[in-house]
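Student: If you want the building blocks of each chain, they are given just below.
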Amino acid sequence: MKSSASNTYFLQGNEACVEAAVIAGCRFFAGYPISPANEIAERMSTLLPKVDGIFMQMEDELASINAIMGASWAGKKTMTATSGPGFSLMQETIGWAFMTETPCVIVDVQRVGPGTGQATKCAQGDVMQSRWGTHGDYSAIALSPNSVQEMFELTIRAFNLAEKYRTPVILLTDETIAHLREQVTIPPLENIRIINRKKPEAEDKAFFGLEEVAPMPAIGEGFNVAVTASTHDEYGVRFTADPSVHTRIVRNINDKIRNHADDIADVESYNIDNCQVGIVSYGCTSRAVHEAVEEAERKGIETGYVRLKTVWPFPEKAVKRLAQAAKKLIVPEMNLGQIFYEVKRAACSAEVIPINKIGGGELIAPEEILAEIERGNP
Amino acid sequence: MQNRIEIKIGGHGGQGVVLAGQILGKAAVFDGKNALQTQTYGAEARGSLARSEVIISDGKIGFPAVRKCDILLAMNQKSLDAHFKNLKENGVLIVDSSNVESIPEIKARIFRVPATEIARKEFGEILYANIVMLGALTRITNLVNKESLEKAIRDSVSERTLGANLNAYRKGLHTKFET
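Going down the list, the protein sequences come from chains A and B.
So the first sequence is numbered by our numbering: it starts at 1 and just counts up by one.
So the second sequence is numbered by our numbering: it starts at 1 and just counts up by one.
Calculated directly from the structure, the hints in this document are not laboratory data.
Even for Gly, the Cβ is constructed at its ideal location relative to N, Cα and C.
Incorrect hints may appear among the rest.
According to the in silico footprint, chain B covers these stretches of chain A (three or more CB under 8 Å from chain B) [stated by the list, open to error]:
(1) 180 to 193
(2) 287 to 300
(3) 363 to 374
List time: in silico DSBU-like cross-link candidates among lysine-lysine, alpha-carbon distance up to 30 Å [said to hold, decoys possible]:
(4) A/K121 <-> B/K85
(5) B/K88 <-> A/K357
(6) B/K151 <-> A/K50
(7) A/K299 <-> B/K88
(8) A/K320 <-> B/K60
(9) B/K68 <-> A/K357
(10) B/K78 <-> A/K121
(11) B/K60 <-> A/K299
(12) B/K60 <-> A/K327
Here are some chain B residues the structure puts well away from chain A; computed CB gaps all over 12 Å [as the list claims (entries may be wrong)]:
(13) G32
(14) A35
(15) L49
(16) F123
(17) L162
All chains should be modelled from the sequences, with the hints used to inform the complete structure.
Tutor: Encoded structure:
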C-alpha cells in the first residue's frame, strides 16, 4: 500500500525485505516454509515471476541453500530465508559458500531455540551461530535491522556486500522486526546504490582466493572453471594436501573481510564520548533503548549507546570508544549472553553488565534497562 | 514519546482483529503520523484468542509493545477478561456488545456497540463486525481521519468485499452506541 506521502508504505518487516531484495537484483529464491520467516517466501512467490525471476519451494532447507548456490554460479543474485532450525540445517552449505566465495543472502528470522524451541516467539539466540555456525576458518558478515525501514535498507546492503566481497551475507533479524508493520519509505530507484559482482575479462583464468576479490564467471559464459569447496588454487584445482595452498586461499577469504571491517561494520551511536553509562544493543532489543536513555537523561544521568547494525564483523572500534567514556556498559539481549562477551573483550576496564531474557518472546522493556542504568547512579 | 497512543484489539481468531489493526495503522500513516502494528494469535487459525496492537505517534516510536493501552477494543468476552487490566485509568473501552455480557468494574469511558448484530443484520455475515468497530472507534475517538480510514479499507480488502466493508464502516460511523 502506498500512502499520500510519495513512496511511503505500511509494510511488515518480512515484506520490506522482499521488496528490497527484488530492487537489489535478487532473481532466484529457494526456501522451505518455517515460521516466522514464511511471509518472505510467500511474497517472493508473487513478486519474482513478475520480474522474470524464479521462486522455488524446496523439499527442505538443505535443498534450499544448495539451490541458491547453483543459481548464484549461474549468474543470479540469490536468497533464502529461514529460522533457527532451518538455519542449523543450512550450515554445511554455508561453509561451501565461504570456501567457494559464492555470493548469496541468507535471512535468519530468529525464534526461541535451541531445537524446535518456541516457534514464532522472538529471540536473539543465533548471534554466535551466524558467526561460527559452519566449521573451519572464515569471516562472516551478519547485519541486524531494528525497524521495517532497516529491513529494507539492510537487505539492499546485504546483497551489495555479498556481491562486493563475493561471500554469503546473513541478514540476522528476529520475529519482532520481521512481523512488525511500520511505514517504509522506498527512495527513487535511481537513488539506491546497487553493486554487482565483478565479471572476468575474456583472458582471465584465476577466479578464487586472490588478494583482491576475484572476478566470478557464470556457468555457460565459456570460462573453464571448477567450483569445489575442497582446498583449491586460484584456478579451482584441488590441492587437498598442500598446506601453502590452503593457507593462501583461507587467509585471503578471511582477509577480504577483515581488512575491510571498517567498511562493513556499521553502527548507530549516540553521545558515546560524554556518557557515564553506555548501552550496546542490536535488533529488536534496541527498540527499548531510546526510551530508556531519554528517561535516564531526564533524571540527569549522561547515557550513550552504540547500536550494532552490523553484528559481524563486530564493530569493535565504536564499542571501544563507548567504553572509554562510560564506566559501565549494559548489554541487553534476548539470549543468555552472546554479544555480551564480545563487548567485554572490547571494553577493557569498563564494567559490562548483561540483561538477558529468554522464552515467550517478551521483549526487554525500557524500564528494565533504565533500572540497570540507575543502579549505582543515585 | 510525544502523543503516543496505544490501542489493543482483542477477539477470537476469525473476527478480523489483525486486519482491523493493519487498517488502523495504515490510516494513521495516511494522516502523516508514525504508526506501528503487531499481532499475536494461537496456532489455530480460528477460535483461539487473537490480539492486534497499534501504536500511533507524532514522534518516533521506539519500544514496539503495548504495556498500558489508551484504547481497548474487545470483540468478545474472553478478550475483555484477558485485557481490561491493561487499559489505562480513564481509557476508552469499546466492546462488541453482541459478544460481551458482563463488563468489569473499571474506571473507563465505556461504549457498547452491537457490531456483530449489525453485521449479521445488514450484511448476513458476522465477519464485517471488525470494520463496524473501526467505524465506531473513529467516531468516538477521532483517532484518525474519517477519510484516511476509508482509504485504508480500500487499500486493504479485496474488490469483492469492498462494498460491504465500506458499508460496515459507515454503519459503525453512524451507529448509536450505549455508554
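Student: Honestly, which of those hints from before does the structure not fit?
Tutor: 13 and 14
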